[in-house]
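K.L.:
The chain contents come next:
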Amino acid sequence: MPFINSKVNVKLTQEKQDSIKSKLGQAISMVPGKSENWLMLGFEDECKLYFKGDSSTRIAFVEVKIFGSASASAYDKLTEAICNIFNEELEIAKDKIYVKYEEVEHWGWNGANF
Amino acid sequence: MPFINSKVNVKLTQEKQDSIKSKLGQAISMVPGKSENWLMLGFEDECKLYFKGDSSTRIAFVEVKIFGSASASAYDKLTEAICNIFNEELEIAKDKIYVKYEEVEHWGWNGANF
Amino acid sequence: MPFINSKVNVKLTQEKQDSIKSKLGQAISMVPGKSENWLMLGFEDECKLYFKGDSSTRIAFVEVKIFGSASASAYDKLTEAICNIFNEELEIAKDKIYVKYEEVEHWGWNGANF
Numbered sequence: 166m167p168f169i170n171s172k173v174n175v176k177l178t179q180e181k182q183d184s185i186k187s188k189l190g191q192a193i194s195m196v197p198g199k200s201e202n203w204l205m206l207g208f209e210d211e212c213k214l215y216f217k218g219d220s221s222t223r224i225a226f227v228e229v230k231i232f233g234s235a236s237a238s239a240y241d242k243l244t245e246a247i248c249n250i251f252n253e254e255l256e257i258a259k260d261k262i263y264v265k266y267e268e269v270e271h272w273g274w275n276g277a278n279f
Numbered sequence: 166m167p168f169i170n171s172k173v174n175v176k177l178t179q180e181k182q183d184s185i186k187s188k189l190g191q192a193i194s195m196v197p198g199k200s201e202n203w204l205m206l207g208f209e210d211e212c213k214l215y216f217k218g219d220s221s222t223r224i225a226f227v228e229v230k231i232f233g234s235a236s237a238s239a240y241d242k243l244t245e246a247i248c249n250i251f252n253e254e255l256e257i258a259k260d261k262i263y264v265k266y267e268e269v270e271h272w273g274w275n276g277a278n279f
Numbered sequence: 166m167p168f169i170n171s172k173v174n175v176k177l178t179q180e181k182q183d184s185i186k187s188k189l190g191q192a193i194s195m196v197p198g199k200s201e202n203w204l205m206l207g208f209e210d211e212c213k214l215y216f217k218g219d220s221s222t223r224i225a226f227v228e229v230k231i232f233g234s235a236s237a238s239a240y241d242k243l244t245e246a247i248c249n250i251f252n253e254e255l256e257i258a259k260d261k262i263y264v265k266y267e268e269v270e271h272w273g274w275n276g277a278n279f
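Residue numbers (my numbering), protein chains in the order written: chain X, 166 to 279; chain L, 166 to 279; chain F, 166 to 279.
This is chain X alone, in the form it adopts within the complex (with noise of 0.2 Å):
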């Protein structure tokens, strides 16, 4: 039951975030017991971000929400996947790319709470 929200500050192709979508589906199974099976994704492109009090660079915020929880070092390799995807896909400097973390204790699917 994870949840992935990518807002960026560039225009996303369809290739370039079916692309990001797949390299995170394979990212987030560094995280015991979570794959791609449970994993919702969300885009926001053309974002309006700023960073450091300025605008005029390429910008990611990343959110990963996951229900429960996992090591510190866990979620280390998951940060250095998606700013390497981020990188590589979009160009965007891995020093623009902000990754937060939520560990969620109540989540529903399917009308009831795991």
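Each hint should be verified, as a subset may be incorrect.
Identical copies look the same in the list; a pair holds intra-copy or inter-copy alike.
[Claimed, not checked] List time: in silico DSS-like cross-link candidates among lysine-lysine, alpha-carbon distance up to 27 Å: (1) Lys-186 x Lys-242; (2) Lys-259 x Lys-242; (3) Lys-259 x Lys-186; (4) Lys-188 x Lys-242; (5) Lys-242 x Lys-181; (6) Lys-259 x Lys-176; (7) Lys-213 x Lys-188; (8) Lys-213 x Lys-176; (9) Lys-213 x Lys-259; (10) Lys-242 x Lys-217.
These are computed hints drawn from the structure, not numbers from a lab. As the structure is a computational prediction, the values presented were derived from the model and not from experiment.
Following the hints, position chains L and F against chain X.
P.N.:
What follows is chains L and F alone, placed relative to chain X:
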């Protein structure tokens, strides 16, 4: 002080949006102490969403942010109600709907925190 | 490593957005250890928002995501400042503004977590 944000990958007509708004306003009272009197809602339609690697089905991601906390059973009832609302109003299959909860400790309104 | 996301149901001109950006960059320093040097901002305008079942007034929902934690009094000062900013810049009544805080334990940047 709840906030419910709904992301869907279908088009929301004004009529549907108003109807969902009213139903969410009723459903929130399943959480003790909460009512439409303090409820803020956000709707994002035509979102770019994927579930299990697929974007060809109707999908919803609903986030419920609550000041303080409530019982697991209250959240369970709210999940059931929310899934029913999005299924009835937008024909989104319940197994394509995530409802994610966030319990919030610090919440401001009108210039000060509660 | 703060991130502030602002949803408003009015149109944001570039001028207003830049002005709010600068003011939020100053306000964040009310939280000890935080400054515009690490601040990322997101703006979403013309959002579909309702408060108390009504969408006819000007409304803002501001989320402040902070790595680590801070005192309640720091958050209180920040809420006051944020409500002032949105009231002054966009004529949104302060009692139509929610400011929601999230304290984050796992936060990545530049390929690794802090």
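K.L.:
Next, verify each hint and record whether it holds.
P.N.:
Hints, verified against the model:
1. When the C-alpha separation of Lys-186 and Lys-242 is checked against a cutoff of 27 Å, the pair qualifies only within one copy, where the shortest distance is 18 Å, while the shortest distance between copies is 32 Å.
2. In this assembly of identical chains, the alpha carbons of Lys-259 and Lys-242 lie at most 27 Å apart only when taken from the same copy (14 Å versus 32 Å across copies).
3. In this assembly of identical chains, Lys-259 and Lys-186 lie within 27 Å of each other by CA distance both inside one copy and across copies; the values are 18 Å within and 22 Å between.
4. Only within a single protomer do Lys-188 and Lys-242 lie at most 27 Å apart by alpha-carbon distance; the minimum there is 14 Å, versus 35 Å between protomers.
5. Taking the closest pair of Cα atoms, Lys-242 and Lys-181 come within 27 Å of each other only inside a single copy of the chain (22 Å); across copies the shortest separation is 39 Å, beyond that limit.
6. In the homo-oligomer, the alpha carbons of Lys-259 and Lys-176 lie at most 27 Å apart inside one protomer (18 Å), although the nearest pairing across protomers, at 31 Å, exceeds that limit.
7. Taking the shortest Cα distances, Lys-213 and Lys-188 sit within 27 Å of each other both inside one copy (25 Å) and across copies (16 Å).
8. Both within a single protomer and between protomers do Lys-213 and Lys-176 lie at most 27 Å apart by alpha-carbon distance, with minima of 12 Å and 13 Å respectively.
9. For the identical chains of this complex, Lys-213 and Lys-259 are neighbours both inside a copy (18 Å) and across copies (23 Å), given an alpha-carbon limit of 27 Å.
10. In this homomeric assembly, Lys-242 and Lys-217 come within 27 Å of each other (Cα to Cα) both inside a single copy, at 25 Å, and across copies, at 21 Å.
Checked against the numbered hints above, the structure breaks none of them.
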